[in-house]
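Colleague: Residues per chain, in single letters:
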Amino acid sequence: MALTSETAAEDVRARVDAIYRAQSRHVLATLIRLLKDFDLAEEALHAAFAAAVEQWPRDGIPGNPRAWLVSAGRFKAIDAIRRRARFDASLTELAIQLDAETSNPADWDDEGLEDDRLRLIFTCCHPALPPDAQAALTLREVCGLTTEEIARAFLAAAPTVAQRIVRAKAKIRDARIPYQVPSRIELPERLETVLHVIYLVFNEGYSASSGDSLTRHDLSSEAIRLGRLLIELLPESEAVGLLALMLLQESRRTARTSSTGEPVLLEDQDRSLWNQDHIAEGLALVERALSLRRIGPYTLQAMIAAVHAETTDGTQTAWTEIVGLYDMLLRLDPSPVVELNRAVAVAMRDGPSAGLSLIEAILARGDLGGYYLAHAARADMCRRLGRTEEARISYQRALDLTLQEPARRFLERRLRELLP
Amino acid sequence: MKYLCLVYSEESVLEAMSKGAFESFSEEHVAVDAELHKTGHSIIAEALQPAHTATTVRVRNGRLSTTDGPFAETKEQLTGFYLIQARDLNEAIQIAGRIPAARIGSIEVRPLWDLRRHEPRAWR
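Protein chains in written order, with my numbering: chain R, 763 to 1182; chain W, 11 to 134.
A hint or two may mislead.
Stated by the list, open to error - Once the Cα atoms are required to be at most 25 Å apart in a straight line, the calculated BS3-like pairs of lysine-lysine come out as:
#, chain 1, residue 1, chain 2, residue 2
1, W, Lys85, W, Lys29
2, R, Lys933, W, Lys12
3, R, Lys798, R, Lys933
4, W, Lys12, W, Lys48
5, W, Lys12, R, Lys798
6, R, Lys798, R, Lys838
No lab work stands behind these hints, which were simulated from the structure alone. None of the values given here were measured: they were computed from a predicted structure.
Here chain W stands alone, though its shape is the one from the complex (with noise of 0.2 Å):
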C-alpha cells in the first residue's frame, strides 16, 4: 500500500537554524531518503519552498480563481513529502518516524487511494 508522508514544520524554526545546523538537517533527510530508495520503501520524496510561495486554486461554477497562500493557514507548514510503499500502516508509522523533521515538527500519514482500481467492498 502507498502512504503519502506530509512533513509540517514550524518555518521559523527552520529559518532560526543556523547555515550549518540547515545543512546537516537536510542532508539528514536525504539520507534516510537514500536509505528507503534502497530498502524499496521509498517511491519519491521532496523538500518544498516556503508555504508563502504557495498558490491556492479553485474552480467555482466554471470560474478558476486563484488565493495567495497555502490552504491552512497554520502555525506548521508543508514542508515536503514522502511516497512510500509500506506493507500496513504500523510500518509506514515506523518510516515516518525515521523522518528526521518528526522530531521538530510533525509528519501526517495518509494512504493513498487508488482511483483507478476499483477494490470489491463485498459487504457495504
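Here chain R stands alone, though its shape is the one from the complex (with noise of 0.2 Å):
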C-alpha cells in the first residue's frame, strides 16, 4: 500500500514537472499582467510549483493546472506583500490594490483573450529596450534560461547579463512599458523588433562570433522555438518567413563542419546529411509565407535558402534564380552584407572575376572592410583566377580579422594550399 502511494506521488512529481516544462512561461506571462511586476511574478511562479509539489500528491492534480497555478500565484504575491507590509506600512495599500484588480478568476486565463505570451514577446523585444537587453530579457522570461545559461551562450560575464536583465526590468517598470500587443498601427515596426530579436538569438547559436565552436546548437532551438510560438500566436508573414529561413539554415547544420570542426563551404557540403524534416517544414512555411502576399526580407532570404534545400547536386544550382531573389532582396532591405552575399552568387553564375569586381566595388566604398567574409570571399574569387599572391594577402587579412577558432584553421589550410 505505501509502496502505491509512493509511486502514485512520484508520478504525481513527474507530471508536476513535465507541467512545468510546458506551462511554467505560460503562468509567469500571465502572472506579469496581473501583477504587474516582472520580479514579483517571478517568485509568485516559484511558490505556485512549490505549492503544487506539496498539495497535489494529496488532493490530485487539478482539472486546469495553468489556471490553479495562476491562482495560487497570485495569491501568494499578495500574501508575501501582506506580510513585508507589516515592516513598511505603505505596502498594505498596494496589498488591497492588487487584490481587488485582480479577484476576477475570469483573469486568471487568458483564454479568449489575447494570449499573455504574446504580451511577453512584446515587452521583452520592446524597442525602448536596448537589443543586448532585448535578447537577454527574453531568453530569460520567454524561454526561460537562467542568467547563467544566457552568458554562457553570449559568452558573457553572468554579472554583465544579469545587470542588463535588472536594468531593462527597472526601464519597463519606470518609463511604464506597456504589457500589450502592439496596436495595428505600431505592429510591423514592433514586429520587425521582434523578428530582429529572434534572428540574433538564432545567429548566435548558428553562427558563433567567437569562441571555439562554431555553432551554439542551445540558442539555435531557442530561437525556433521562439519562431514557432510567434507563428502560433501571430501567423504574420514575415514571422513565417523567419521561421522557414531558420529552418532551412538548420538543415546543413551536421554538414556544415567538417569532423575536426572546420567550416564545410556549401558547394563541398555532404547534402544527405541535409536534415530532410528541417527542409520539408522550412518549404512548406516558405509557401504559407508567400501565399500571405506580403513578401518581406526573411521571406526572400529564406526562398534563396529553399533553391539550396531543392538542389540535391550542387552543381546544378539555380543561380539566376538565386542572383534575382538577391536582387529583390537588395531593394527592400539594402546593406553591404546582401551585397557581398549577391556577388558571390553571381560568381556562381557567371564566373570568378565577375563576382571578383562586385566585391572589390564593395571594399573600395570602404564598407565590409573589417568583415572577414567580404576578404575571405574576395581571396577565393582570386585563387580560382590563379593571381594566388593577391588571394594570400586577402586570406591572411580575413585571418586578420577573425576570433572564430574553426574559421581561423580553415583559412590557415587555404593559405597553407596556395604555397607552390
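Build the complex: two chains, separate frames, hints provided.
Modeller: Right, here's the structure in full:
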C-alpha cells in the first residue's frame, strides 16, 4: 500500500515537472499581467509550483493546472506583500489594490483574451530597451533560460547579463512600458524588432561570433522554439518567413562543420546529411509565407535558402534564380552584406572575375573592410582566377579579422594550399 | 503618467531654412500642441532660444558657478519641449512621433519622476 502511494506521488511529481516545462512560461506571462511586476511574478511562479508539489500528490492534479497555478501564484504574491507590509505600511495599500484588481477568476486565464505570452514577447523586445537587453530578457522570461545559461551562450560574464536584465526590468517599470500587444499601427515596426531579436539569437547559435565552436546549438533551438510560438500566436508573413529561414539554415547544421570542426562551404557539403524534416517544414512555411502575399526580407532569404534546399546536386544550383532573389532583397533591404552575398552568387553564375569586381567595388567604398567574410570571398575569387599572391593577402587579412577558431583553421589551411 | 518630450535639432538646419519654410514649420508645431491640448495630452509646450543663449549653473562646495552655453555641446541641441500626459510609454512614443521636429531631429522621451509622492515599491 505504502509502495503504491509512493509510486503515485512520484507519478504526480513527474507530471508536475512536465507541467512546469510546458506551462511555466505561460503562467509567468499571466502573472506579470496580473501583478504588473516581473520580479514579483517570478517569485509567485516559484511559490505556486512549490505549492503544487506539496498539494497535488494529496489532493490530485486540478482539471486546469494552469489556472490553478496562476491563482496560487497570485494568492502567494499578495500574501507576501501583506507580510512585508508589517515592516512597511505603504505596502498595505498595494496589497489591497492588487487583490481587488485581480480578484476576478476570469482574468486568471487568457483563454479568449489575447495570449499573455505574446504580450510578454512584445514587452521583452520593446524598442525602448537596448538590443542586448532585449535578447537577454527574452531568453530569460520567454524561454526560461537562467542568467548563467544566457551568459554562457553569449560568452558574457553572468553579472553583466544579470545587470542588463535588472536594468531592463527597471526601465519597463519606471518608464511604464505597457504589457500589451502593439496596436495595428505600431505592429509592423514592433514586429520587426521581435523578429530581429529572434534572428539575432538564432545567428548567435548558428554562427557563434567567437569561441572554439562554430555553432552553439542551444541558442538556435531556442530561437526556433520562439519562432514557432510567434507564428502560433501571430501568423504574419514575415514571422512565417523567418521561421522558414531558420529551419532551412538549421537543416544544414551537421553538414556545415567537418569532423575536425572546420566550416564546410555550401558547395562542398555532403547534402545527404541535410535534415530532411527541417527542409520539408521550411519549404512548407515558405509556401505559407508567400500565400500571405506580403514578401519581406526574411521571406526572401528563406526563398534563397529554399533553392539550395531543393537542389540535391550542388553543380545544378539555379544561380540565376538566386541572383534574382538577391536583387529583390537588395531593393527591399539594402545592405553591404546582402551585396556581398549577391556578388558570390553572381560569381557562381558568371564566373569568379564578375564576382571579384563586385566585391572590390564594395570594399573600395570602405564598406565591410573589417568583415572577414568579405576578404575571404575576395581571396576565394582570386584563388580561382589563379591570382595567388592577391589571394594570399586577402586570406591573411580575413585571418587577422576573425576570432572564430574553426574559421581560422579553415583560412590557415587555404593559405597553406596556396603554397607552390 | 507625465512624459517630457525633449526636442533636439541641429540648429544649423533650422537656420538654413527659408523664412517661409521656418514659419510653416513653427506653425506645424503650434498646431500639434493645440491638438494635443484638445485631447488632454499636452500640459505645456515651448520652443527654446538657440543654445548659445544658454547658461549652465552649478553649485560646488557652496559656491555657485556659471558657465557659458548648454550642458552638453553636441551637434543636436535642445530646441524645445512638450510636457505631456500619456497612458504609458507606447502612447508617449506615438505622441512624440507626431512632433514635426522628429522628422529632422530627435525627440527624447523621459518619464517624469514625482518626488512629492513616494510610490510604494513592494519588492525592493
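Colleague: Find the hints from earlier in the document that the structure breaks and name them by number, from lowest to highest.
Modeller: none
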